[in-house]
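Starting from the structure of chain A, add chain B where the hints point.
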Amino acid sequence: MRLPARLNQRYEQWDALFRSGTAPGRGVFLKFIGFPKGAGGFTASVYFRAVYVMYPRPVLVADPGVVVNETTRLLEGNSVPDERSLRDRGVGSIVDLELVGMQPVIRRVKWLTE
Amino acid sequence: MADGMSEMWCGLYLCCLAVAGYPVIAGLARERSRLESLGLSACMGPALIAICLIFLSMLGVRPGRAEILALTGACAAAGIFLWRRDRFKNPVEEGGPVFRLWTIVCAAAIAYGLCAVVIDTVGYPVIEWDAFAIWQLKAQVLTLLPLHPRPAYFSDLNLSYSHLRYPLLAPMMSAGAHAMTGRLDDLSKTIALLLYPGMGLVVFAAVRRINGTTAALTATALLACLQPMLRYGGSGTADMAVTAFYACALLCILRWQETGRWGYVVLCALFSAWMAWTKNEGLALAAINAVVLAGIQAPGPRRRAVIAAVIFSLIVAAIYLPWLAFSWGLPRTDEDYAASLSVHAVLSNVGRLPAILGALGLEMADWQNWGFFWLVTAVLAIVQRRRFATSAAAIIGTLLGLHLLAYLPPLMVVKTWNLDELLAVTTDRLLMHAAPAAAILIGLLLPKWAGGTERNPAAKNSRENT
Chain A
913 MRLPARLNQR YEQWDALFRS GTAPGRGVFL KFIGFPKGAG GFTASVYFRA
963 VYVMYPRPVL VADPGVVVNE TTRLLEGNSV PDERSLRDRG VGSIVDLELV
1013 GMQPVIRRVK WLTE
Chain B
301 MADGMSEMWC GLYLCCLAVA GYPVIAGLAR ERSRLESLGL SACMGPALIA
351 ICLIFLSMLG VRPGRAEILA LTGACAAAGI FLWRRDRFKN PVEEGGPVFR
401 LWTIVCAAAI AYGLCAVVID TVGYPVIEWD AFAIWQLKAQ VLTLLPLHPR
451 PAYFSDLNLS YSHLRYPLLA PMMSAGAHAM TGRLDDLSKT IALLLYPGMG
501 LVVFAAVRRI NGTTAALTAT ALLACLQPML RYGGSGTADM AVTAFYACAL
551 LCILRWQETG RWGYVVLCAL FSAWMAWTKN EGLALAAINA VVLAGIQAPG
601 PRRRAVIAAV IFSLIVAAIY LPWLAFSWGL PRTDEDYAAS LSVHAVLSNV
651 GRLPAILGAL GLEMADWQNW GFFWLVTAVL AIVQRRRFAT SAAAIIGTLL
701 GLHLLAYLPP LMVVKTWNLD ELLAVTTDRL LMHAAPAAAI LIGLLLPKWA
751 GGTERNPAAK NSRENT
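Protein chains in written order, with the numbering used here: chain A, 913 to 1026; chain B, 301 to 766.
This is chain B alone, in the form it adopts within the complex:
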């Protein structure tokens, strides 16, 4: 493991990332709570620094301490200015009644999840198969070589297994840790120490605002100690990052629908762009977010929804474009789901659908991985179906449904893998990506007798605007 100096540099790196996200959140998310600030900043910082390092790398500058500290310094200066401006403005939210015993149970569950991820992150080297075969290998490449001129790695067919065309945001977050510690060590996984709690805070904040503290604690506790979350959270794969960014995007969509403030559309676009830069699945999720934004009735004229979707799409496209340019012409030697997707391919493989649905259903019912999580989601959705009349539950329910549907076509057109083998190794991670949406839905649908408050700030705002 690393020596004391490496750990000190790594700690400083995490501080830099935590600081870097704040000015973006403070500048764009008005009327936010402190919890929202904390959660969104913890997820924004790593992505912001990493994307800046990627763009610098594309200009021929490989990541280094000087670059990271300079970027952090600029962000910190902006952050101090915005903090001084906003320090007395952030609303203090009413969380509703709290059941003490249930709070203790939920806090214990969250603490258990946090401890498990922290231990996995700092106590174990990179041992997850996907982590060392793909993500942390890329991190090492990005640490040692700039993206311009393009390193030989990206055209090395012997390394096709590491998915030469996978996007680079998560590896660059880890490469930043390598750059700070000055060595290729296992501290590159520590990025999870921001993303995992950030995701938890964001889910808590999203639910608390609408359905009170008890519902928020319940949703966060259920999410925090899911087995796949603990398995992949601190393992060094990109799944934690894409899941955390997705949770942030969901919160921003809810806040846009509630407040009608454009800053949340921009933030949602940023988090969606980070998702696309993290995993190819993220691009599909970003497209779903755009579709849902176009259908949301936020305060103000109806056309604002369409404008929001257009602005969102333009921002995501602008941020994603450099990756398209960079990856143009790279060997398509690994399983390229996007290129295989066509109506003809999907229709001709429709026979695979029962096997895929069956595998997803079995995975959802897997007690060891998910406990009652998906069962609770389904039961609440049925029992509390009237709550889908409220916008927040309808939005999250739609997003979750579309998210799960979006994963079916790529699995139907897979070529190089045996379908059963592929399903066996991917379904837990695919469902992990969707878990924040399910957790928020559980929180929003929790009935009053179970601790929910069934407030609806969006409806209140809508009435006030009217």
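With the rest of the complex left out, here is chain A:
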């Protein structure tokens, strides 16, 4: 049996987190720190949720050529490209997300100036 209220609460926290690390009208690059490869779909869920909540602003986790289907591929390709290319793709900040317990928290936000 699922508990929608609890799920809802978790996603509300995540959604607020993504918004707090994003410049108005700009996208965000998410850098996952300490997210284990064996955590099932958890890391993927964080990314997928961020893409949905922030749309149409871009949420990036890898170079454009990286196929992201599940957690392993996502973490393998999760290296920060150069800032110029991020700016060109509409990104305004790089957010370092750390896993504390089973919650993603922001460790650092680097704002990219125009």
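What the hints contain is simulated information worked out from the structure, not anything from laboratory work. The hints are all genuine.
Among the chain B residues that face chain A by a calculated CB cut under 10 Å, a handful are: (1) Tyr424; (2) Pro425; (3) Val426.
The beta carbon of each residue, even a glycine, is placed where N, CA and C say it ideally should be.
Same frame as chain A, now just chain B:
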């Protein structure tokens, strides 16, 4: 959540969808009951408006209030004309004896299911994983950008997880809600408020005509409060849509077999095309419908069955063709079951079959998800096996069997997923798609002592035609 204006626009959108389906049903489904009109219209409207919005989007026009209201206006005008023509013609059906206490129990179960889906639909934001990762993300894309020129989303490899090549009918239904409310909010899930009751009405109508009101209520109540139906019904995924369209297609097949009216073949083709436009599984189900149509003995000469199957296939192909053209060349980066399917691939993975059958069997026996639903289906099929001599039960039994078999080969050739993980997250939804067929079968097989009437209108019509 949305403000009052958004809810008002969303309510208007649902009214538009409800109105839009009626003229198609009224024009094609003659000798229909009011319940059939209601149920089929509730499912036809959303698909009709969404497919029109998709074709407009392919021409470079993104969905908007003006387009939706104009389409609804045209449909409403046709609907009024057809309603005036038909208002005294629709047959009033005898439902047979009704057991009052059982009626109350079934009505309570149906009300429970309806309440659960309504609460999930309007009371919660999009929180189902598949909904926000795939379907509602696509809805946002379709709302903001037309399909011509093709949005960058469809070739963005970082978004491969959202299945870039998945068909777009369900997302466009939600995009229509976004277009009407003027914002990307959670009201896009409200489409379930038509599809879920529409499916229930269709199942009720299909059974009632053949085996009476008590059997129809039993089948509908069993279906309406299945846990997967409640879980996915209002969640914003495409599963509710494909399940509802499948239920409608089943009703049309039964009515074609009973009446021999071509309108039901066309309607069945339309609902099958909507299934194919909703999920890839829908294409397989459409193919099964074509095969079964070719084998059905409807009133009239034998060759009508083959002609029906050909007409059906042509209509489905014509409607599906634009999607094939649009999706040509899109990256095949996600799990592409259709492309992986070959006799060689299936045979070389035949060792997976026990695991797949075991998982499906365990899921069917999962008390929390299904209660006695599949057990009742199996027991009735065995105990009432003589009723398979009647065409309706034989047709639905064949469709259900082929439906379940059709899901085996794709699971056998899966590559990128761990099979156990895939089975764990998909079996409930796969069985949900088949649930309307099982529910109708339960209703058709319900014995007389349990409230069934065991009428057979098809046999009666057949005798009259002879």
